[in-house]
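Trainee: Sequence:
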Amino acid sequence: MLQVQDVSVCYGDIQALFNLTLQVETGEIVTLLGSNGAGKTTTINTISGILHLRQGAILFDGKSIHQMTPFRIVEHGLIQIPEGRMLFPDMTVFENLQMGAYSIRARENRQETLDWVCHLFPRLMERFPQLAGTLSGGEQQMLAIARGLMSKPKLLMLDEPSLGLAPLLVAELFKIVSQINQHSVTILLVEQNAVQALETAHRGYVLENGKIILHGKSSDLIQNDHVRASYLGI
1 MLQVQDVSVC YGDIQALFNL TLQVETGEIV TLLGSNGAGK TTTINTISGI LHLRQGAILF
61 DGKSIHQMTP FRIVEHGLIQ IPEGRMLFPD MTVFENLQMG AYSIRARENR QETLDWVCHL
121 FPRLMERFPQ LAGTLSGGEQ QMLAIARGLM SKPKLLMLDE PSLGLAPLLV AELFKIVSQI
181 NQHSVTILLV EQNAVQALET AHRGYVLENG KIILHGKSSD LIQNDHVRAS YLGI
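Residue numbers (the numbering used here): 1 to 234.
Incorrect hints may have been included.
Result set (DSSO-like, lysine-lysine): computed pairs, CA atoms no more than 27 Å apart in a straight line [unchecked claim]:
(1) Lys217 / Lys175
(2) Lys63 / Lys175
(3) Lys154 / Lys63
(4) Lys154 / Lys175
Distance ranges between label pairs, derived from CB positions [said to hold, decoys possible]:
(5) Asp6 / Thr92: 42 to 48 Å
(6) Tyr102 / Leu131: 30 to 36 Å
(7) Thr92 / Glu208: 40 to 46 Å
(8) His52 / Asn209: 19 to 25 Å
(9) Phe18 / Ser219: 39 to 45 Å
Read the hints as simulated data drawn from the structure, not as lab findings.
Built from N, CA and C at the ideal position, the CB exists for glycine as well.
Required output: the full structure, derived from the provided sequences and hints.
Mentor: This is how it looks when you write it as structure tokens:
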């Protein structure tokens, strides 16, 4: 479904990604692990069309997307939930959800998608008239994911979804990620909580200093000595 091929990205004269190659197959949850500054957010911002690559190619559903604008990429069904949620704080929960269904392909099935989102996040339905900026941190993260789902993603990219959440909410969040995947949504998960990410994902990549240094099945990465020492605290 998604192929990132030999991609390099620079911020001015500073190179952030070096010949990065990864792929996500239809129906998978794939996690991208790495410390702060490793290049995780740069990777998904490049896939989303927010950043421009210096070399390489990005294919989605067999089509080249690395020269497309972000809104065209969204129209193809590739959706990013950014770190920090990026909600519209002075709009209601319901209005935020409506903004998620702005694209043509999403508008056609807006009510059906809204029903599904409300089933996944029943708490949000109770908050429809409430301003998004007044929600708790956990509720804001749920709204950010729900707004992304309103865009009818084929592939959903989640950037640090558990950041700042209490442990109980983190466990609930990852259960929801698995439920979303079971509804035929492929997921690329960027996450510092390596234990939860690897327990949830089918496969993973480890990114350090802008380079992929390891990849494989999650079950294999959990047993890898470098991953255990650097990311699992073992």
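Trainee: Now, for every hint given, state plainly whether the structure supports it.
Mentor: Evaluated hints:
The straight-line distance between the Cα atoms of Lys217 and Lys175 is roughly 19 Å, inside the 27 Å bound, and the hint therefore holds. Using a Cα cut-off of 27 Å, the hinted pair Lys63 and Lys175 is violated, with the two alpha carbons roughly 31 Å apart. Annotation: proposed proximity of Lys154 to Lys63 holds, straight-line Cα distance about 14 Å (limit 27 Å). Taken as a hint, the Lys154 and Lys175 pair is honoured in the structure, with Cα atoms around 19 Å apart against an allowance of 27 Å.
Checked against the given bound of 42 to 48 Å, the beta carbons of Asp6 and Thr92, roughly 44 Å apart, stay inside it. In this structure the hint that Tyr102 and Leu131 lie 30 to 36 Å apart at CB is violated, the actual value being about 19 Å. Checking the proposed 40 to 46 Å range against Thr92 and Glu208 shows it holds: the Cβ atoms sit about 42 Å from each other. The hinted range of 19 to 25 Å is satisfied by His52 and Asn209, whose Cβ atoms lie roughly 21 Å apart.
The beta-carbon spacing between Phe18 and Ser219, approximately 28 Å, falls outside the hinted interval of 39 to 45 Å.
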